[in-house]
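Q: What follows is each chain in one-letter form.
There are 2 protein chains.
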Amino acid sequence: MKIRVAIAGYGNLGRGVEAAVTKAEDMELVALFTRRDPKSIVTRTDIPVYHMDEAEAHKDEIDVLVLCGGSANDLPTQTPAMAKYFNVIDSFDTHARIPEHFANVDKVCRENGTVGIISVGWDPGMFSLNRLMGQAILPDGHDYTFWGKGVSQGHSDAIRRIDGVVDARQYTIPVEEALTAVRNGENPELTTRQKHTRECFVVAEEGADKAAITEAIVTMPNYFADYDTTVHFISKEELDRDHAGIPHGGRVFRTGVTGFEGENKHVIEYSLKLDSNPEFTSSVLTAYARAAYRMAQKNDCGCKTVFDVAPALIHPASAEELRKNLL
Amino acid sequence: MKIRVAIAGYGNLGRGVEAAVTKAEDMELVALFTRRDPKSIVTRTDIPVYHMDEAEAHKDEIDVLVLCGGSANDLPTQTPAMAKYFNVIDSFDTHARIPEHFANVDKVCRENGTVGIISVGWDPGMFSLNRLMGQAILPDGHDYTFWGKGVSQGHSDAIRRIDGVVDARQYTIPVEEALTAVRNGENPELTTRQKHTRECFVVAEEGADKAAITEAIVTMPNYFADYDTTVHFISKEELDRDHAGIPHGGRVFRTGVTGFEGENKHVIEYSLKLDSNPEFTSSVLTAYARAAYRMAQKNDCGCKTVFDVAPALIHPASAEELRKNLL
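Order-wise, the sequence lines are chains Y and G. Counting from 1 along the first sequence, just add 1 to a position and that's the residue number in my numbering. Counting from 1 along the second sequence, just add 1 to a position and that's the residue number in my numbering.
If you're looking for bench data, these hints aren't it; they were derived computationally from the structure. In this text, all values refer to a predicted model and were calculated from it rather than measured experimentally.
Since the list gives no way to pick one copy over another, a pair counts as held whenever it fits inside one copy or between any two copies.
List time: in silico SDA-like cross-link candidates among lysine to any residue, alpha-carbon distance up to 25 Å:
no.: 1; residue 1: 150; residue 2: 272
no.: 2; residue 1: 150; residue 2: 97
no.: 3; residue 1: 150; residue 2: 178
no.: 4; residue 1: 3; residue 2: 309
no.: 5; residue 1: 24; residue 2: 317
no.: 6; residue 1: 24; residue 2: 186
no.: 7; residue 1: 108; residue 2: 325
no.: 8; residue 1: 150; residue 2: 185
no.: 9; residue 1: 237; residue 2: 212
no.: 10; residue 1: 24; residue 2: 144
no.: 11; residue 1: 24; residue 2: 190
no.: 12; residue 1: 196; residue 2: 159
no.: 13; residue 1: 3; residue 2: 141
Generate the whole structure from the sequences, applying the supplied hints.
A: Written out as structure tokens, the structure reads:
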């Protein structure tokens with residue numbers, strides 16, 4: 002019997018989960034929930050679409066619900082609400098609010114005997130896991146996280162809000178010299194500016210003051226002021242042709258020393274190069290949805306994160322096969 | 002109260018665990034067991050040394066025993082024997098015999114209510130974990146494992162057995178073109194020869210036939226015949242001066258595609274660059290010793306591998322701290 006998966010929300014992430022589940026032989030999609038008019042949704046696969054308000058009625062048909070909404074407005078309420086009926090999983094990524102979200106989901110899960118796994122993806126998610134394991138293995142050391150090259154949706158949006166801007170795409174780029182210094186085990190102390198640069202592709206209104214737009218971008222507090230930022234003005238056609246993708250990625254390093262004199266250096270580097278940020282996140286969500294189901298099957302309940310999930314639980318093969326083929 | 006750790010075997014690995022435990026604030030070393038005369042052992046720290054035969058008498062003083070013997074002759078018997086009295090952990094690395102070793106340890110652990118974690122280190126260990134997670138996240142993809150640049154003890158030993166050879170050191174080196182092709186998501190089919198080269202530094206007896214030694218090396222079945230191998234003859238002084246370290250490392254890749262048309266490529270790369278192969282393995286063992294203790298505290302028992310251990314269990318911080326600081 003396959004694991005019956007449902008999706009809540011049909012944006013980039015929801016579509017990514019739909020694609021990922023079709024590649025998982027042990028899973029099947031049984032429902033899509035939306036807050037829009039279900040009739041207005043055209044799905045890629047043959048999957049029943051229901052309004053979010055009808056979710057409870059399908060509680061016995063679903064093994065795990067993958068929440069694909071946004072961290073700002075959707076997940077803080079949706080994940081706990083749905084944990085009442087379902088094993089749930091989300092990609093909540095507002096780092097500062099994770100403890101609060103965890104507590105909210107945990108309470109509902111424990112009251113209802115469900116499993117919730119939150120903040121699953123690559124950061125938070127795979128990057129977090131590598132930070133944890135790096136620290137545990139090399140306690141005498143340093144952590145570094147670099148992002149990019151990749152599109153930052155938040156920074157792109159911030160540019161779009163400037164007067165005279167029609168559209169924009171912002172890339173976060175790690176500084177090569179900083180990567181090299183870390184990789185060489187030099188343990189550099191790096192400022193924000195020394196770690197990443199920002200590159201912006203901007204479509205301006207006809208006749209707009211480009212110098213003023215550039216100034217508004219590079220001096221923008223929080224978003225750009227602390228970085229070396231370059232701004233390129235291009236046409237809408239160029240933006241659509243050359244910058245339509247949503248690539249991202251990054252690297253987590255742990256560098257540290259061992260031996261009584263700290264005489265031996267070690268470098269652990271975990272790197273991701275992703276053509277599609279949302280589809281990779283969806284793929285991680287789908288793998289951990291399998292774990293949520295399996296943990297619930299063992300009568301576990303409560304809120305979990307990637308830190309609490311034994312890796313074998315995310316792989317479809319049996320424990321015997323994993324030991325034989327992958328250990 | 003600290004986790005009371007004991008070590009069995011005082012070679013490179015045992016000394017590495019001794020050093021690693023001194024860096025773990027939540028652990029203390031309480032015993033070292035040896036098959037040699039305990040009086041002959043000079044430890045680096047102030048740790049009581051006992052003969053291996055006395056181990057049972059100390060069962061109530063030890064929370065977890067780290068077995069630091071060899072995979073060929075020591076661990077297949079020692080780990081199950083010691084699992085009768087202790088929670089145990091080892092770095093058993095004969096991949097083909099892991100299922101058998103697992104079964105032997107599991108049986109004793111279950112009969113005695115102990116936890117055993119086997120095959121902990123980097124390969125098997127961290128590399129295995131990355132193979133598993135890569136497959137789970139990107140099921141439509143390819144795995145690649147590269148080793149080096151690093152010293153292969155087995156290959157160095159094989160050279161030393163050749164007539165006329167005084168000493169030798171062999172480095173396994175990944176082929177840069179192969180790494181680049183994998184990193185670019187080209188999914189190359191790679192032969193043994195295309196993945197790694199082998200470089201040998203050999204000290205020959207005076208008057209030895211160097212051409213014959215070279216021929217014996219490069220044509221040696223299993224060890225060298227399938228590789229492009231280079232041989233350098235150097236003096237014993239040069240070998241001791243320039244090749245005394247035991248560096249190693251390598252990379253595990255998972256490359257794969259997502260999307261309904263497989264239109265988006267992704268590359269996951271996990272890389273290790275280690276000055277000391279045994280000390281890094283010891284550091285992984287020490288982190289997972291913490292997990293063995295914690296699993297036993299929760300009344301878990303039986304044999305485990307890194308696949309079965311929730312990552313939070315290897316880090317000294319509390320679950321709350323981990324979520325707050327590392328997620």
